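Taken in order, these protein sequences are the chains called A and B.
Heads up: the first sequence begins at 9 in this note's numbering, then just goes up one per residue.
Heads up: the second sequence begins at 32 in this note's numbering, then just goes up one per residue.
Misleading hints may appear alongside valid ones.
[Unchecked claim] Selected chain B positions facing chain A (Cβ under 7 Å, derived; list incomplete): (1) Ser272; (2) Thr282; (3) Gly283; (4) Thr286; (5) Leu289.
[Unchecked claim] Covered stretches of chain A, as calculated for chain B (at least 3 residues, CB under 8 Å): (6) 184-198; (7) 207-213.
Bear in mind the hints are in silico, worked out from the structure with no lab data behind them.
Everything numeric in this text was worked out from a predicted model, so none of it was measured.
Even for Gly, the Cβ is constructed at its ideal location relative to N, Cα and C.
So the chains spell out like this:
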Amino acid sequence: MVLETQKALLKSDGTRLDDRLPTYVRPAFLKTGAVKVAAGSAYAEFGSTKVIVSVYGPRESKKAQAFSDIGRLNCDVKFTSFATPLRGKAGQDIGDKEFSVLLHKALEGAVDLHSFPKTTVDVFALVLQSDGGDLPAIITCASMALADAGIVMRDIVAAISLSCVGKNLLLDPTYKEETQEDGSVMVAIMTSRREITQVTLTGEWSSTKASEALELCSDACQKLGESVFLVPKVCIEEIGNFAIFQLPRPPLRN
Amino acid sequence: MVVGLSAAEKVYIAGGIAADIRGDGRGRHQFREFNIDTSVIPQANGSARICLGGTDVIASVKAELSVPPPGRPNHGKLEISVECSPTAAPEFEGRGGEELSMDLSRALQRSFLGGTSGAGAAIDLAALSIVEGKLCWALYIDGLVLSSDGNLLDALSIAMKAALSNCGLPKVEIIGGTSPEEEPDYELSGNPEEFTRLETSLVPVIVTLTKVGKHYIVDATAEEESQMTAAVSVAVNKKGSVCGLTKRGGTGLDTSVLLDMISVAKRHSAVLRRALAFAGLFSSPNVEKRPVSFCLLLFRRLDANGCRTK
Chain A
9 MVLETQKALL KSDGTRLDDR LPTYVRPAFL KTGAVKVAAG SAYAEFGSTK VIVSVYGPRE
69 SKKAQAFSDI GRLNCDVKFT SFATPLRGKA GQDIGDKEFS VLLHKALEGA VDLHSFPKTT
129 VDVFALVLQS DGGDLPAIIT CASMALADAG IVMRDIVAAI SLSCVGKNLL LDPTYKEETQ
189 EDGSVMVAIM TSRREITQVT LTGEWSSTKA SEALELCSDA CQKLGESVFL VPKVCIEEIG
249 NFAIFQLPRP PLRN
Chain B
32 MVVGLSAAEK VYIAGGIAAD IRGDGRGRHQ FREFNIDTSV IPQANGSARI CLGGTDVIAS
92 VKAELSVPPP GRPNHGKLEI SVECSPTAAP EFEGRGGEEL SMDLSRALQR SFLGGTSGAG
152 AAIDLAALSI VEGKLCWALY IDGLVLSSDG NLLDALSIAM KAALSNCGLP KVEIIGGTSP
212 EEEPDYELSG NPEEFTRLET SLVPVIVTLT KVGKHYIVDA TAEEESQMTA AVSVAVNKKG
272 SVCGLTKRGG TGLDTSVLLD MISVAKRHSA VLRRALAFAG LFSSPNVEKR PVSFCLLLFR
332 RLDANGCRTK
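Using the sequences plus the hints, can you model the full thing?
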């Protein structure tokens with residue numbers, strides 16, 4: 009059964025169904041200034057995964073919350089009802105909540121919370137279309153939106169996920185690949201500081217394989233981060249600025 | 032968890048960790064003593080309670096007959112949830128414990144359930160199948176936090192591993208209905224002597240390394256956790272494979288530090304697993320479900336290599 013799965017995901021020449029090599033990420037389109045009324049916003053496409061993130065604030069923290077010297081980051085992730093093949097993905101609420109928590113964890117280290125004491129910054133993410141790698145797309149997009157909003161940050165956060173299918177490590181998996189994976193890794197990195205802000209791993213990994221996967225992810229994040237920096241922090245009105253990210257295609261191995 | 036600490040106490044904790052002598056006299060790589068009771072819940076198929084210093088958690092395993100998950104006819108089901116009781120802390124009352132419960136259960140699910148294909152799960156899911164496509168065991172693993180003094184995740188993983196080892200599944204006899212159209216007809220054995228044990232050797236244990244200042248420590252107390260900059264929980268199984276990774280705390284970590292933490296966690300997990308195997312000798316899934324309490328496991332002066340020192 010395992011063999012069948014592998015056959016289904018990798019073609020005979022070792023490339024994936026969308027002609028990518030296993031360690032090749034999907035072309036990405038990154039743009040700031042997607043929502044005009046927001047303090048900052050960004051739109052990102054990774055293949056056919058499409059997300060939009062707006063940042064509002066800083067605003068006064070809600071009265072019900074306990075007093076806090078440092079600012080708060082309020083993260084909320086939502087899927088549109090048409091984001092997945094099945095309308096309103098089953099168990100979606102739980103997934104949304106978990107994504108919100110993971111988004112918060114990935115960003116809190118990069119945002120200078122001391123720069124907006126006693127106030128709250130809202131980060132709202134919306135997944136327009138889900139085709140694998142949703143969370144890393146949201147994280148990358150959210151850090152661009154925060155920068156666009158002029159929130160003081162230590163660094164840009166870029167994130168990439170990876171699926172392990174059989175013996176193959178597939179970088180930036182699609183939804184189809186994710187549903188058949190034996191394990192997965194997601195890494196979010198502050199790219200200039202080369203510091204991991206969030207990492208999750210599931211499935212069984214030998215140490216060498218785990219470190220190989222972590223390195224693969226962090227390298228890809230690094231390169232993605234360079235593209236994110238190309239998107240100017242303040243977008244030019246009307247036109248908006250964007251960057252297209254594509255890893256140089258490595259030569260085909262026999 | 033809200034821990035009120037004065038500035039002097041914070042300096043004391045950070046300074047102690049830097050000097051390799053913590054507030055309770057432990058070194059950086061030393062666990063607290065812990066105590067495991069098994070078969071503490073007679074209604075469950077398997078259960079265990081662990082007291083790790085001031086942390087007190089219970090894990091129970093309930094087995095139910097169920098229909099295999101869609102798309103995987105020869106697999107059983109494994110579900111994990113964690114609840115934080117308000118008895119542990121007033122903040123857990125109402126919806127207060129929800130976020131922590133979700134964090135803990137997601138971290139445990141990540142470590143125990145494997146990939147979406149079911150590979151790398153703590154329990155061989157195929158072993159839970161009874162009639163392909165029709166009948167399987169569903170194991171519900173529930174964790175309950177009774178009292179919290181740090182390192183909940185490690186304690187829960189140990190309790191769950193012990194509860195799974197303690198678990199006995201009654202024998203199921205298939206009488207008929209094996210053809211594709213029919214509903215399976217089965218009989219549950221009433222004989223308490225007839226049960227099967229689960230193969231639990233590959234259930235991972237989680238070791239959390241908490242970074243305070245420049246150093247990281249194992250088995251942090253609640254006070255120490257309040258001072259952390261980052262914490263990495265690594266699940267490791269018997270083969271030495273990493274089965275799950277969860278990071279808490281906002282501060283970034285260098286990749287090399289992360290890889291170093293993984294290898295340190297591996298060494299610690301080996302020691303923990305040996306202690307648990309020893310504990311397992313005394314806790315067969317006993318038929319009468321009488322509580323078996325045993326062994327105060329002492330972790331005296333274990334250094335980073337998991338070796339006993341003076």
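Verification of the hints:
1. Residue-level restraint check for B:Ser272 holds (minimum Cβ-Cβ distance to chain A is 5 Å; threshold 7 Å).
2. Because the beta carbon of B:Thr282 sits about 5 Å from the nearest beta carbon in chain A, less than 7 Å, this interface hint is met.
3. Taken as an interface hint, B:Gly283 checks out: its beta carbon lies about 3 Å from the nearest beta carbon of chain A, inside 7 Å.
4. Evaluation of the B:Thr286 hint against chain A yields a held restraint, the C-beta minimum of about 5 Å falling below 7 Å.
5. For the restraint placing B:Leu289 at the interface with chain A, the shortest Cβ-Cβ distance is roughly 6 Å, inside the 7 Å limit, so the hint holds.
6. Three residues within the 8 Å Cβ limit are the bar, and the stretch 184-198 of chain A against chain B gives 10, so the coverage statement holds.
7. Counting residues of the stretch 207-213 of chain A whose CB lies closer than 8 Å to any CB of chain B gives 7, which reaches the minimum of 3, so the coverage claim holds.
In terms of the numbered hints stated before, the structure departs from none.
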